[in-house]
Amino acid sequence: MTQSKNGPVLNWDEDFDHADPEYNKNIHPLWEKMRQKCPMHHTLRYGGTWLPLSYEMVRAIAYDTEHFTSEGIIVSQDRPIVPRPAGAAPPITSDPPFHTQARRLLLPPFSSKKIALLEDDIRQLCNDQLDKLIINPDKPVIDVSRNYARFIPLKVIVKMVGLPPEDSELLFSFIKSIIEDVNLSPDQLMENRNTLDSYLDIQIAEHREHPRDDLISYLIGAEVDERPLDAQHIRGTIALMFIAGVDTTWSMIGSTIWHLASNPEDLNKLLQDPELMDSAIEEFLRAYAPVTMARLVTEDFNFFGHELKQDEWILVPYPAANRDPEMFDDAKSVHLDRKVNRHASFGLGIHRCIGSNLARLELKIAITEFIKRFPKFKLLDPNGVEWSHGQIRGPRKLEILIQGD
Amino acid sequence: MSNINTNIPLFIEVDSTRCQGHNRCYLICPELIDVDDFGLAQVISNDPIPKNLIEKAVLAMENCPEFAISISEVKPQNK
Numbered sequence: 001m002t003q004s005k006n007g008p009v010l011n012w013d014e015d016f017d018h019a020d021p022e023y024n025k026n027i028h029p030l031w032e033k034m035r036q037k038c039p040m041h042h043t044l045r046y047g048g049t050w051l052p053l054s055y056e057m058v059r060a061i062a063y064d065t066e067h068f069t070s071e072g073i074i075v076s077q078d079r080p081i082v083p084r085p086a087g088a089a090p091p092i093t094s095d096p097p098f099h100t101q102a103r104r105l106l107l108p109p110f111s112s113k114k115i116a117l118l119e120d121d122i123r124q125l126c127n128d129q130l131d132k133l134i135i136n137p138d139k140p141v142i143d144v145s146r147n148y149a150r151f152i153p154l155k156v157i158v159k160m161v162g163l164p165p166e167d168s169e170l171l172f173s174f175i176k177s178i179i180e181d182v183n184l185s186p187d188q189l190m191e192n193r194n195t196l197d198s199y200l201d202i203q204i205a206e207h208r209e210h211p212r213d214d215l216i217s218y219l220i221g222a223e224v225d226e227r228p229l230d231a232q233h234i235r236g237t238i239a240l241m242f243i244a245g246v247d248t249t250w251s252m253i254g255s256t257i258w259h260l261a262s263n264p265e266d267l268n269k270l271l272q273d274p275e276l277m278d279s280a281i282e283e284f285l286r287a288y289a290p291v292t293m294a295r296l297v298t299e300d301f302n303f304f305g306h307e308l309k310q311d312e313w314i315l316v317p318y319p320a321a322n323r324d325p326e327m328f329d330d331a332k333s334v335h336l337d338r339k340v341n342r343h344a345s346f347g348l349g350i351h352r353c354i355g356s357n358l359a360r361l362e363l364k365i366a367i368t369e370f371i372k373r374f375p376k377f378k379l380l381d382p383n384g385v386e387w388s389h390g391q392i393r394g395p396r397k398l399e400i401l402i403q404g405d
Numbered sequence: 001m002s003n004i005n006t007n008i009p010l011f012i013e014v015d016s017t018r019c020q021g022h023n024r025c026y027l028i029c030p031e032l033i034d035v036d037d038f039g040l041a042q043v044i045s046n047d048p049i050p051k052n053l054i055e056k057a058v059l060a061m062e063n064c065p066e067f068a069i070s071i072s073e074v075k076p077q078n079k
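Order-wise, the sequence lines are chains A and B. Quick note: the first sequence uses our numbering, first residue 1, plus one each step. Quick note: the second sequence uses our numbering, first residue 1, plus one each step.
It should be emphasised that the hints constitute simulated quantities derived from the structure, not laboratory data. The structure presented is a predicted model; accordingly, all values stated were derived computationally and were not measured. Glycine included, each C-beta is placed from N, C-alpha and C at the ideal position. It is possible that some hints are incorrect.
Straight-line C-alpha distance at most 20 Å; calculated EDC-like pairs for lysine to aspartate or glutamate [to be verified]:
(1) A:K113 to B:D47
(2) A:K159 to A:D143
(3) A:K114 to A:E22
(4) A:K114 to B:D37
(5) A:K339 to B:E62
(6) A:K114 to B:D34
(7) A:K155 to A:D167
(8) A:K364 to A:D128
(9) B:K56 to A:D128
(10) A:K114 to B:D36
(11) A:K114 to B:E62
(12) A:K376 to A:D138
(13) B:K56 to A:D138
(14) A:K132 to A:D167
Interface residues of chain B toward chain A, partial, derived using beta-carbon atoms under 10 Å [to be verified]:
(15) F11
(16) D15
(17) S16
(18) Q20
(19) G21
(20) R24
(21) L27
(22) I28
(23) D37
(24) L40
(25) V43
(26) I44
(27) N52
(28) P65
(29) E73
With these hints in hand, go ahead and build the complete structure from the sequences.
Written out as structure tokens, the structure is:
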């Protein structure tokens with residue numbers, strides 16, 4: 001590993017840090033400015049990290065599993081400890097051919113027809129969460145991120161996976177430690193992972209004793225090549241499902257409500273024409289895609305004229321690809337009725353988000369029910385919104401003012 | 001849409017080597033496309049696309065993130 005760099009960002013073109021608080025806050029204007037200078041950027045941080053900003057490059061990385069391994073998908077100061085081809089959290093950290101089998105196992109429980117059966121439950125859950133909001137009539141302000149958006153995916157996934165619902169806050173703290181706390185020392189990073197592993201081991205042991213109809217029991221009973229999955233595989237896949245299943249959709253629901261609070265004309269369009277919802281959801285997914293993935297470079301090689309070095313990170317910013325003017329008409333504007341929208345929000349290639357059907361359904365219902373309950377609202381203070389840090393982007397504090405008719 | 005002649009028979013096809021199960025086509029045009037338990041898209045019938053569904057079929061093609069869907073005058077081979 002080459003030398004690493006730390007500290008505040010002084011020059012975004014030559015020394016960006018995707019985990020700097022200023023990055024997610026200003027992401028779209030920042031990327032636009034950076035893309036105009038050059039579609040590819042490099043920093044010495046994290047032992048060397050690349051940031052491609054064109055759809056073409058993002059797509060090429062997603063399809064090239066030879067030069068870019070998924071062994072590491074969250075850029076951090078250290079390097080992965082569970083080697084390829086499985087990696088720490090199969091199948092997202094796996095390379096082919098192992099990936100193919102690990103993924104095939106998970107596809108049926110997340111297929112669109114299975115997920116569609118959850119629609120009524122999710123609608124109920126959204127309404128229960130809306131009922132719980134405490135609204136002061138003198139100052140009707142709610143933090144939509146903290147008190148609504150984050151609970152929808154968490155409650156759905158906790159039930160599917162089979163984790164104790166009363167552990168919600170603990171699970172949120174695990175998610176933050178894995179996704180956001182990437183700038184800690186390797187020792188601290190290791191300690192965070194060990195705490196999560198110990199927690200998951202207890203859950204798995206409990207399921208071995210009392211099997212039930214959930215994904216933990218499903219994984220315990222699953223086989224690849226007529227052999228049960230090893231403990232690391234089961235643990236990693238469970239961690240993947242609840243981490244990737246929560247932070248992402250939480251961010252997406254929050255960003256969408258942020259957009260509607262900032263653009264009352266779009267809120268009105270949706271209220272007046274509910275049939276617009278399907279194309280609007282795809283457009284919100286394009287414009288506010290929350291997930292930037294990452295890969296590790298497997299060997300020194302030239303990529304679009306850039307000399308990539310073995311063991312460097314490369315970010316895979318699907319949200320930047322979604323705003324590439326070469327690929328999308330009027331890429332920087334939100335058009336709720338956009339007809340042609342090949343967005344890459346759920347990734348491209350073999351690692352397409354396995355939870356995409358669930359995420360889309362949760363997003364659609366969470367927004368539909370929210371605007372039904374609160375047809376008029378605006379940001380309390382546009383400068384008071386706090387955004388997440390790191391590769392998953394969404395509002396973490398989003399206070400909105402509920403307005404009367 | 002404008003460059004498509006709707007007076008000749010047109011066929012829709014999914015390249016299963018490219019499909020990654022995004023399900024966008026299934027959401028847009030379930031009349032022509034189904035998905036299996038693994039999320040992979042399949043064309044329901046090898047008959048020509050009914051005229052009233054051509055617009056939807058084109059949208060299904062134009063929204064596939066993997067460029068796995070094509071529409072042409074050539075009848076797909078039976079699998």
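Checked hints:
Taking the CA atoms of K113 of chain A and D47 of chain B, the gap is about 25 Å. The hint is violated against a cut of 20 Å. Note on K159 of chain A and D143 of chain A: the hinted pairing is violated, with a Cα-Cα distance of about 24 Å set against a maximum of 20 Å. For the suggested pair K114 of chain A and E22 of chain A, the alpha carbons sit about 40 Å apart, so the restraint of at most 20 Å is broken. Restraint check: the Cα-Cα separation between K114 of chain A and D37 of chain B comes to about 9 Å, which is no more than 20 Å; the hinted pair holds.
This hinted pair checks out: K339 of chain A and E62 of chain B have alpha carbons roughly 9 Å apart, not beyond 20 Å. Distance restraint check for K114 of chain A and D34 of chain B: the Cα-Cα separation of roughly 14 Å lies within the 20 Å cut-off, and the hinted pair is therefore satisfied. Proximity of K155 of chain A to D167 of chain A is assessed by CA-CA distance (about 11 Å); at most 20 Å being required, the pair is judged to hold. Our distance criterion of 20 Å between C-alpha atoms is met by K364 of chain A and D128 of chain A, whose separation comes to about 16 Å.
Between K56 of chain B and D128 of chain A the CA atoms are separated by roughly 36 Å; this puts the pair beyond 20 Å, and the hint is violated. Restraint check: the Cα-Cα separation between K114 of chain A and D36 of chain B comes to about 11 Å, which is no more than 20 Å; the hinted pair holds. At roughly 26 Å between alpha-carbon atoms, K114 of chain A and E62 of chain B are farther apart than 20 Å, so this suggested pair is violated. Between K376 of chain A and D138 of chain A the alpha-carbon distance is near 16 Å, which keeps this suggested pair within the 20 Å criterion.
Under the criterion of a C-alpha separation no larger than 20 Å, the hint pairing K56 of chain B with D138 of chain A is inconsistent with the structure, at around 49 Å. Between the alpha carbons of K132 of chain A and D167 of chain A the distance comes to roughly 19 Å, so the proposed pair stays at or under 20 Å and holds. A cut of 10 Å between beta carbons decides the hint on F11 of chain B: the least distance to chain A is about 21 Å, and the hint is violated. The restraint placing D15 of chain B at the interface with chain A is violated, with a minimum CB-CB distance near 14 Å, outside the 10 Å limit.
Evaluation of the S16 of chain B hint against chain A yields a violated restraint, the C-beta minimum of about 14 Å exceeding 10 Å. Because the closest C-beta pair between Q20 of chain B and chain A is about 4 Å apart, less than 10 Å, the hint holds. The interface hint given for G21 of chain B is met, as the beta carbon of that residue sits about 6 Å from the closest beta carbon of chain A, less than 10 Å. Against a cut-off of 10 Å between C-beta atoms, the interface hint on R24 of chain B holds, since the closest Cβ of chain A lies about 8 Å away.
For L27 of chain B, the interface hint holds, since its Cβ comes within 10 Å of a Cβ in chain A; the closest pair sits about 7 Å apart. The closest approach between the C-beta of I28 of chain B and any C-beta of chain A is roughly 8 Å, which is under the 10 Å cut-off, so the hint is satisfied. With a least beta-carbon distance of about 5 Å to chain A, the hint placing D37 of chain B at the interface is held under the 10 Å criterion. Proximity of L40 of chain B to chain A holds as hinted, the smallest CB-CB distance being about 9 Å (cut-off 10 Å).
Residue-level restraint check for V43 of chain B is violated (minimum Cβ-Cβ distance to chain A is 16 Å; threshold 10 Å). Restraint check, I44 of chain B versus chain A: the minimum CB separation of about 15 Å is more than 10 Å; hint violated. Because the closest C-beta pair between N52 of chain B and chain A is about 17 Å apart, greater than 10 Å, the hint is violated. Look at P65 of chain B: its Cβ gets to within about 5 Å of chain A, closer than 10 Å, so that hint holds up.
Evaluation of the E73 of chain B hint against chain A yields a violated restraint, the C-beta minimum of about 22 Å exceeding 10 Å.
Hint violations for this structure: numbers 1, 2, 3, 9, 11, 13, 15, 16, 17, 25, 26, 27, 29, all remaining hints satisfied.
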